[in-house]
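Number of protein chains: 2
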Amino acid sequence: MEILKQKTALIINIGDELLAGHTLNTNACWMSSELRKIGVYVTKHLVIADEEEAIVSVLDQLDNSVNYIFITGGLGPTDDDKTKAIITEYFGGELVFSEEVFADLILFFKKRSKIPSESNREQAFIPNNAERIMNYKGTASGMIFSKDNKKYYVMPGIPYEMKSMMKESILPALAKNASPTEFCYEVNVFGLPESYIADQIKKNFPKELTQVKIAYYPSLEGITIRLNSCVEENTKDLQLKISHLLGKAVFSHSGESLESIFVNLCIAKKLTVSCAESCTGGRMADMITSVPGSSQILNESYITYSNEAKQRLLGVPESILQAYGAVSEETVTAMLKGLFNKTNADLCIAASGIAGPGGGTVDKPVGLVYIGVKYYHKIIIQKIVYDRGRKNNKEYAARAALNIARLLISE
Amino acid sequence: MEILKQKTALIINIGDELLAGHTLNTNACWMSSELRKIGVYVTKHLVIADEEEAIVSVLDQLDNSVNYIFITGGLGPTDDDKTKAIITEYFGGELVFSEEVFADLILFFKKRSKIPSESNREQAFIPNNAERIMNYKGTASGMIFSKDNKKYYVMPGIPYEMKSMMKESILPALAKNASPTEFCYEVNVFGLPESYIADQIKKNFPKELTQVKIAYYPSLEGITIRLNSCVEENTKDLQLKISHLLGKAVFSHSGESLESIFVNLCIAKKLTVSCAESCTGGRMADMITSVPGSSQILNESYITYSNEAKQRLLGVPESILQAYGAVSEETVTAMLKGLFNKTNADLCIAASGIAGPGGGTVDKPVGLVYIGVKYYHKIIIQKIVYDRGRKNNKEYAARAALNIARLLISE
Numbered sequence: 001m002e003i004l005k006q007k008t009a010l011i012i013n014i015g016d017e018l019l020a021g022h023t024l025n026t027n028a029c030w031m032s033s034e035l036r037k038i039g040v041y042v043t044k045h046l047v048i049a050d051e052e053e054a055i056v057s058v059l060d061q062l063d064n065s066v067n068y069i070f071i072t073g074g075l076g077p078t079d080d081d082k083t084k085a086i087i088t089e090y091f092g093g094e095l096v097f098s099e100e101v102f103a104d105l106i107l108f109f110k111k112r113s114k115i116p117s118e119s120n121r122e123q124a125f126i127p128n129n130a131e132r133i134m135n136y137k138g139t140a141s142g143m144i145f146s147k148d149n150k151k152y153y154v155m156p157g158i159p160y161e162m163k164s165m166m167k168e169s170i171l172p173a174l175a176k177n178a179s180p181t182e183f184c185y186e187v188n189v190f191g192l193p194e195s196y197i198a199d200q201i202k203k204n205f206p207k208e209l210t211q212v213k214i215a216y217y218p219s220l221e222g223i224t225i226r227l228n229s230c231v232e233e234n235t236k237d238l239q240l241k242i243s244h245l246l247g248k249a250v251f252s253h254s255g256e257s258l259e260s261i262f263v264n265l266c267i268a269k270k271l272t273v274s275c276a277e278s279c280t281g282g283r284m285a286d287m288i289t290s291v292p293g294s295s296q297i298l299n300e301s302y303i304t305y306s307n308e309a310k311q312r313l314l315g316v317p318e319s320i321l322q323a324y325g326a327v328s329e330e331t332v333t334a335m336l337k338g339l340f341n342k343t344n345a346d347l348c349i350a351a352s353g354i355a356g357p358g359g360g361t362v363d364k365p366v367g368l369v370y371i372g373v374k375y376y377h378k379i380i381i382q383k384i385v386y387d388r389g390r391k392n393n394k395e396y397a398a399r400a401a402l403n404i405a406r407l408l409i410s411e
Numbered sequence: 001m002e003i004l005k006q007k008t009a010l011i012i013n014i015g016d017e018l019l020a021g022h023t024l025n026t027n028a029c030w031m032s033s034e035l036r037k038i039g040v041y042v043t044k045h046l047v048i049a050d051e052e053e054a055i056v057s058v059l060d061q062l063d064n065s066v067n068y069i070f071i072t073g074g075l076g077p078t079d080d081d082k083t084k085a086i087i088t089e090y091f092g093g094e095l096v097f098s099e100e101v102f103a104d105l106i107l108f109f110k111k112r113s114k115i116p117s118e119s120n121r122e123q124a125f126i127p128n129n130a131e132r133i134m135n136y137k138g139t140a141s142g143m144i145f146s147k148d149n150k151k152y153y154v155m156p157g158i159p160y161e162m163k164s165m166m167k168e169s170i171l172p173a174l175a176k177n178a179s180p181t182e183f184c185y186e187v188n189v190f191g192l193p194e195s196y197i198a199d200q201i202k203k204n205f206p207k208e209l210t211q212v213k214i215a216y217y218p219s220l221e222g223i224t225i226r227l228n229s230c231v232e233e234n235t236k237d238l239q240l241k242i243s244h245l246l247g248k249a250v251f252s253h254s255g256e257s258l259e260s261i262f263v264n265l266c267i268a269k270k271l272t273v274s275c276a277e278s279c280t281g282g283r284m285a286d287m288i289t290s291v292p293g294s295s296q297i298l299n300e301s302y303i304t305y306s307n308e309a310k311q312r313l314l315g316v317p318e319s320i321l322q323a324y325g326a327v328s329e330e331t332v333t334a335m336l337k338g339l340f341n342k343t344n345a346d347l348c349i350a351a352s353g354i355a356g357p358g359g360g361t362v363d364k365p366v367g368l369v370y371i372g373v374k375y376y377h378k379i380i381i382q383k384i385v386y387d388r389g390r391k392n393n394k395e396y397a398a399r400a401a402l403n404i405a406r407l408l409i410s411e
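In order, the protein sequences belong to chains A and B.
Heads up: the first sequence at position 59 corresponds to 59 in our numbering, and the numbers run straight through without jumps.
Heads up: the second sequence at position 147 corresponds to 147 in our numbering, and the numbers run straight through without jumps.
Simulated from the structure, these hints should not be mistaken for laboratory data.
Honestly, I wouldn't trust all of these hints.
Treat identical chains as interchangeable: a pair holds within one or across any two.
To be verified - Cut-off 20 Å, straight-line C-alpha distance, at most; resulting in silico cross-link-like pairs (DMTMM-like, lysine to aspartate or glutamate): (1) Lys110 with Asp363; (2) Lys37 with Glu256; (3) Lys391 with Glu232; (4) Lys82 with Asp199.
The following block holds chain A by itself, in its conformation from the complex (with noise of 0.2 Å):
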């Protein structure tokens, strides 16, 4: 199965502190999501060091068959900032004053209140050899620097300045010259194993698989199952099938997030809902209001972390506390009604578990967690044991929360 790649892209990032493992290398990714949408295929990353040998020497390396190569990194005002002067030299231009680009910084400084400091000043200087790239975001202009049938596109490493040079200039740009050829489309699954899941449809679909390219990625956020495959039709149909296969457990085919599946859900069955956090500490709740309309469905939500707190503010019995603890299905269960008391929420779910990494026992071991989850008259109390981390545990127990809260509501 061979896919035409139209155009083809390659990502260098600039930054001592990306091979320090200081700074995660979230601008690769996000460059290479945003080209694909548009047909243009990355088929590297590359990270280097923030040295005139290691820029020059990735530059005179490059693919021959690579259209276009995006640049960020060192382009900040500081002195560990060389990319400018480095790529300027290296394609035979120099830096020049530019009064145009230094009023554009008066003005950015002027309407935030503030002036330009010396190192912004050092900003207005721009290559002779390079197009301009505006930035609305921030001080570093980007450059486009074109040699040999390809062009460089360099850009602060900073992900908010780069993505709005890539949104407003670039992307638009490239558009207009790419399409793509491939088509991709996915099934996101919460709940389920990969082995499982793969086995599954191995065994139901083999003639299907000849045809269609497959791939699962496992995260913190589920699995996320790709298809793609020059054909459209085929991928669609196989999509279609997979989706009929896993059934509930399938949450989305568009890569749209559990928690907006989830809000989205409640907003359109205009339900009110509220938790009662114990181990999760507010994840869910975060979960819940990191998605636009939130405000639609929960009005109020509840941390109750101690005991104290879970007797008073849900009316836990103490006797139920004493005799099962506070992480166990009674306690979860009692959390739930003294919730819904307190909210009349349509939705309420509770959480109660061992976040670690102290606390656990052989008995009830950290990443134990007790999730409960009342709709009207239904009740569903489930346990799961997740270990990967505090941090990673709240994040799992939150997600598996809401998971099984929107399995019960579309029943």
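Dock chain B against the given chain A, drawing on the hints supplied.
The following block gives chain B in isolation, referenced to the frame of chain A:
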């Protein structure tokens, strides 16, 4: 200033999902950071496709001076995982079924009350030309190939499994052969702009900056100033001077997160903390409870998203909401008072703002947040405007609130 780099490494992450921008490459960042701690310097990251041609071509073109090559990705149980076969062949070996590995696999699944699937059985085939790296967290074994004085470490792409192999097997072994020759110190700052900090440091320490390399890393979590040189005393000395210069804006010298510093400060001072969150929607409590030991300071916390909830739960007078709106100094002050009445917490934190994308006006734009902190008799209300999208806005506001609280309790 020449820094002697004893051992160098290159990281190759294999995966179409990385090039497509579907998955963020957290592996390269984490590995780089861990390797540097033991004196192994990563000089390049490469991300390539899950294709024979790409893998072979990158192995053919490796920089001769590199000591170690770390390769992740493509070892999973599904058909899109090709790395093992390609690399084994590249180094002239072949895959053979291992009874020992298969027994380990069966045990791994048994412990989880599961049985291996057909796909998993494939994972008992291992190269006859590599050393095996045990995988205690998953089903794919790691491999170590050796050639031309270089070592190639091949691991799964799942971060949790890769990290376990690195921590349990690879890093301890490498640490014996390497030692740091560079001294890296840092200063973590919140609430000051990068250019202001850079100008101040340049003006005050021109001499020191000829001896110590400095770099600035701005992010949502604040600005990290990194210092390094090959003379430990010089580096430490400048760290101290910068720290003194920037005063209370400095929250850490070790990269410890603001929330961790804040929570541990509260624990040390034996304070109880509670939040009343509107626009941050639980992110403050989530941040606090992400720190181990936070149950010592946080008993309960509230998300009062609707006006009605602000009135009923916190006693915010309707007249204030009508006269000034929910996003106002007056409302946040009333939220603080109500929160204190309800919880009696030593430290009360409240926030109300416009998270966006909708809901902004000319007078009250998206990103406007009022933050209130009450510490015994002291009350501070601060206004911030920060708009980089709903999620970032929530994150920044929650972080700014914890910082204001930190400053107030350490006065």
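Hint compliance check: list the failing hint numbers for this structure, sorted ascending.
3
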